[in-house]
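Number of protein chains: 4
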Amino acid sequence: MVVVMKENATEEQIQKVIARLVNMNFDVHRSTGVSKTIIGAIGDKRGVDPRTIEVMEGVYEVLRITEPYKLAGRTFHPEDTIIRIKDVVIGGDEVVVMAGPCSVESEEQIDTIAAAVKRAGAKVLRGGAFKPRTSPYSFQGLGEKGLRMLREAADRYGLLVVSEVMDKNKVPLVMEYADILQVGARNMQNYDLLKALGRVRKPVLLKRGMAATIEETLLSAEYIMAGGNYEVILCERGIRTFENYTRNTMDISAIPVFQKLSHLPVIADPSHGTGIRDKVAPMARAAVAAGAHGLIIEVHHDPENALSDGPQSLYPAQFEKLMQECQIISQAIGKKMDLRLPPAKALAAG
Amino acid sequence: MVVVMKENATEEQIQKVIARLVNMNFDVHRSTGVSKTIIGAIGDKRGVDPRTIEVMEGVYEVLRITEPYKLAGRTFHPEDTIIRIKDVVIGGDEVVVMAGPCSVESEEQIDTIAAAVKRAGAKVLRGGAFKPRTSPYSFQGLGEKGLRMLREAADRYGLLVVSEVMDKNKVPLVMEYADILQVGARNMQNYDLLKALGRVRKPVLLKRGMAATIEETLLSAEYIMAGGNYEVILCERGIRTFENYTRNTMDISAIPVFQKLSHLPVIADPSHGTGIRDKVAPMARAAVAAGAHGLIIEVHHDPENALSDGPQSLYPAQFEKLMQECQIISQAIGKKMDLRLPPAKALAAG
Amino acid sequence: MVVVMKENATEEQIQKVIARLVNMNFDVHRSTGVSKTIIGAIGDKRGVDPRTIEVMEGVYEVLRITEPYKLAGRTFHPEDTIIRIKDVVIGGDEVVVMAGPCSVESEEQIDTIAAAVKRAGAKVLRGGAFKPRTSPYSFQGLGEKGLRMLREAADRYGLLVVSEVMDKNKVPLVMEYADILQVGARNMQNYDLLKALGRVRKPVLLKRGMAATIEETLLSAEYIMAGGNYEVILCERGIRTFENYTRNTMDISAIPVFQKLSHLPVIADPSHGTGIRDKVAPMARAAVAAGAHGLIIEVHHDPENALSDGPQSLYPAQFEKLMQECQIISQAIGKKMDLRLPPAKALAAG
Amino acid sequence: MVVVMKENATEEQIQKVIARLVNMNFDVHRSTGVSKTIIGAIGDKRGVDPRTIEVMEGVYEVLRITEPYKLAGRTFHPEDTIIRIKDVVIGGDEVVVMAGPCSVESEEQIDTIAAAVKRAGAKVLRGGAFKPRTSPYSFQGLGEKGLRMLREAADRYGLLVVSEVMDKNKVPLVMEYADILQVGARNMQNYDLLKALGRVRKPVLLKRGMAATIEETLLSAEYIMAGGNYEVILCERGIRTFENYTRNTMDISAIPVFQKLSHLPVIADPSHGTGIRDKVAPMARAAVAAGAHGLIIEVHHDPENALSDGPQSLYPAQFEKLMQECQIISQAIGKKMDLRLPPAKALAAG
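Chains as they are written, first to last, in this note's numbering: chain A, 18 to 367; chain B, 18 to 367; chain C, 18 to 367; chain D, 18 to 367.
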């Protein structure tokens, strides 16, 4: 913490601040300039509220100098975290794509979509069984039945499963079926849920809240990691701004920022990030070009009749084209996508 | 819903849209202008996603014309909701003040503060027993022990109790001790919690999320009311904007907007709305001047040593002065505050 | 400036930073902690870009410790600036109200409105002659003819004149007619205009830009003051946020923040701050309750037929009632409004 | 315009609204549903303020159905605008890059940088001669001398010139030297400047204001086009949001949205969009991947000693690598970049 005193602060005020900091177990260094005094307080004091000093008399400003997160940051863990689930590796130089419908609706629906996304090169099947809906009058998901359908379809096509868990009591249930547990944007600061996920040993996909700063997102990852679960995947999915042509404003620059501050893998969700089908592909490509470790995308074979988020779901053919475009883009920055297609064909299709 | 077709939309595209709307059970009215066709779709279809039509070919724009909330809105409930708890009336012409520490810390602490806020004219004692903290390394509250201390102190001074419930499983526990159940800003869209609160019969204080629109806040109230619990108090507590001198930007204009759209009582939380002690009083006065039905304010007798939010807590003397100022302001707009002090004295103090 | 080095910064990196700072004429103080090194750089270096140091190797963060404004800040000018124009005093303990139509439309219109706002207690007549309009197809103002009408009406009723100047070339023209020169929100960072206003000797009413931080607003005031014109009135008029029920979100808390950081008078514009007539009065009252030195309000006797901003203009009767409410509120915080009405009558009307 | 009446609106209120709309020369269509009445008002009425109807009694909501811009929109101009300047084509399938220093500082500086950006494949040289600076104490540009140096350097290397014009009086001067006239973000709503640019016949590069919606940006383009100058290039350069790790939040999704709504070319400015050197390349690549027609990038051979924006300027080697990455990305989406390098070499370098 650095405490900047006012130009006209009295010596007594300065001494009081120093005494308080010493009392809080900080190492204190004082720099007295011609017009200003600065007090450096050094020590590992996570959880201290800088406003405690800020309200003292004679204080102009208090500046925090320690990242409030430790496990999620690069300082003590400079190398990238690589998460391995079966034969899928997240966080390395491969761009991993998770795809599927917003909600699991029926066995046939999830099977059709699983086949389509597998064919196009996805590695993980997404699908919601418990849906957080803004309106109490909207479809709320199939529950456990949906999870079972999702797992069976994924197994049929050799895909992993990611699905959202909305409540700490549902963690054991969702764990039975999913390989990756997703925390939705609205729950990013549901601390009871985060703590429960800290106690399990399954990778967690943590979506950035729509009003969450990058730092707060890392603090939510810290909650999970503080419990001993180090396999957290960060996900940018759009923030709320004054521009409302798109549902949210996808903060593509958060991808390289997260990667600078943290060693955790970072993926992007252009479906929720934009909320409009014809903006999903451009933003998916942008995320890969900016260096994302992966994508999570809504795909539906019959979006007109989808029970939720149809308007932002890609058709399978659109998804396939997008995958091929992203493969080329990933090569431009020294990454790769394993689509099991000859690169020449991919280039031609682009 | 009103569907505006593009100027060059074909008759076939128009017919497809009409067919789809009829299929969704809307009454359809078509207006054909020289250059544009507009299709009005009338019917009570809550939960329909307007983007379903928006992505159809030939469609320029879809405009929603029904409020998505019904129970929380004024349309079917024009008169103000009045909530009576013992002898306290919230939602009428009295400005009701809830005050107390951020967290319950000890028996002595809560007793001292309860006495002080009672003396100044507060009607409800606030205090957290379960604290949602951004950092996993911060104080997390005393739990049930804290709730018991809070209740006992309140009873000693004839105050009601409001306290936050963070998880649906804790609803029965908090209900035992509190008269009003508070939903924090971070949980405003924790739908499992909202549904659980819909099933109980105690007033709920619902804080606006820091990125929640006014409409989304009313939809969260609707979740609770859809379960049969109609006693919801809305609370403005600051939204996230680009300005970060203050922790949040308190949206004072939301107070009259909520009151226009909804019949529910609206209070304001200037402590979290600003995050800085010397801004609490101006914003509390502003909220009353804008017509708020009440205030919820953090007060601490020893904020330097508070375990949380000390820097935004008022000293008892500041709180007392504020109450007297608010009493005069409430009179300016035909409201009142019952401070059990002769108005003359209050005026002189102002 | 305080430079925080990374935990693993090398001694060589630290030395390079120190050399660079010395080279920039800073006094340098080094604090070496167990894990972190902090470098304090003290000196009055306005205009230095902290990112210059931030991009150096081994640097974790650079924190600015000097306010970038000097003339507008309280540090070297602790007492409030009081602006006297004829018999009107702005910045003292009287709440001064400026009122009038958005645009001057005709002699009769401005005369009718001037009479009405004078009767209610306004001290300054507002009215636009050059209108900045988002659409090129909207009414753009009467120009000099409008200014003349405005001045004549003001003189007839003993009012001062405030009017907007949009371009530096128009400064001499507007100066001929107005007592206060207004800079609109869209021009808050039109630096050529600000410099031109720095060279004149008339008070300037500077509106906060809709995306301007409090600091940037003070820097724009600094531009004017750096030219020698110290009579600047700051005006909060709403910022752009994700909430769009209201046109802008009025940042009432900016009023006490401006007053803490700066000695300049601060007024509020609830007409543009909300954009909706029935929200103007609550927000005007809120601004006074928060401590504003004045208000600027749009009033029109026939808003249905106003050429601009009719929907946010108050009717004269609404304005009169508001003035009486504000008078009571100003008393609550030790201020006053001179309505030339017996206070008893005002109280009864409230 | 579509007027939605309240459910309990009286027939008299409905008739008044209809009369008013007829009076405003709209074609009126009425749809009476079981519970709600909707009034469609059709006609080309740009510049009408919908709030005029919104404040009438019985009105629930007014929805605008016409884009407020006409020349900038796709409705009457479906095909893309292609701007040809000498042998450079902007708006077609080639991604055009503009690059150079923030400010022109000296003949040697601009020559060195012009050579470097030309070699890497840029087509246009950027450089500021008049600088809008937030602080009055910062470097303000070399003025005409700077423009001359810029032109000479560009001519030496066969580059076009883009430079900012900040004031309408400077339009003739900047026109003498520049091929493209740039309007900065802070001037996006400086209507006098926009009108002046409407009267000239040179392409204008219009930067989106940092609080400007997509629609407002198009309205500013409309101002220029309404004067007869149809060659406007839109530029996304970041908007202001609550996230302040980056200077602005670059709204990459605005690129495809602008392209859907308007026929004008759209480029991106990742230098100002992020404000940090190591975020420029990821965001430049993201913009190309999202479909931008071009980029404008700050490059400096000695950014440590740049007089402005050094920390966000790329080194020439970084710029060269970025160009090669962008070339591959542009191919992924059926576009191209003419770097005059064999594609094989480019691929290897990527």
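You may find that some hints are simply not true.
What the hints assert, rightly or not - Residues from chain A shown here face chain B by an in silico Cβ test under 8 Å; the list is partial:
id, residue
1, SER152
2, PRO153
3, GLY175
Claimed, not checked - Covered stretches of chain B, going by a simulated chain A footprint (3 or more residues, C-beta under 8 Å):
id, segment
4, 103-115
5, 122-135
6, 169-177
7, 181-189
8, 204-210
9, 274-288
Claimed, not checked - Listed next, the in silico EDC-like pairs over lysine to aspartate or glutamate satisfying Cα-Cα at most 20 Å (straight line):
id, chain 1, residue 1, chain 2, residue 2
10, D, LYS87, B, GLU337
11, C, LYS338, B, ASP110
12, D, LYS87, B, GLU78
13, B, LYS212, A, GLU161
14, B, LYS353, B, GLU337
No wet-lab data here; the hints were simulated from the structure. Just so it is clear, CB atoms sit at the ideal spot from N, CA and C, and this is done for glycine as well.
Outcome of the hint check:
| no. | hint | in the structure |
| --- | --- | --- |
| 1 | SER152 | holds, 5 Å |
| 2 | PRO153 | holds, 4 Å |
| 3 | GLY175 | violated, 32 Å |
| 4 | 103-115 | violated (count 0) |
| 5 | 122-135 | violated (count 0) |
| 6 | 169-177 | violated (count 0) |
| 7 | 181-189 | holds (count 4) |
| 8 | 204-210 | holds (count 5) |
| 9 | 274-288 | violated (count 0) |
| 10 | LYS87/D to GLU337/B | violated, 59 Å |
| 11 | LYS338/C to ASP110/B | holds, 19 Å |
| 12 | LYS87/D to GLU78/B | holds, 16 Å |
| 13 | LYS212/B to GLU161/A | holds, 19 Å |
| 14 | LYS353/B to GLU337/B | holds, 16 Å |
Taken one by one, the earlier hints fail for this structure at numbers 3, 4, 5, 6, 9, 10, listed in ascending order.
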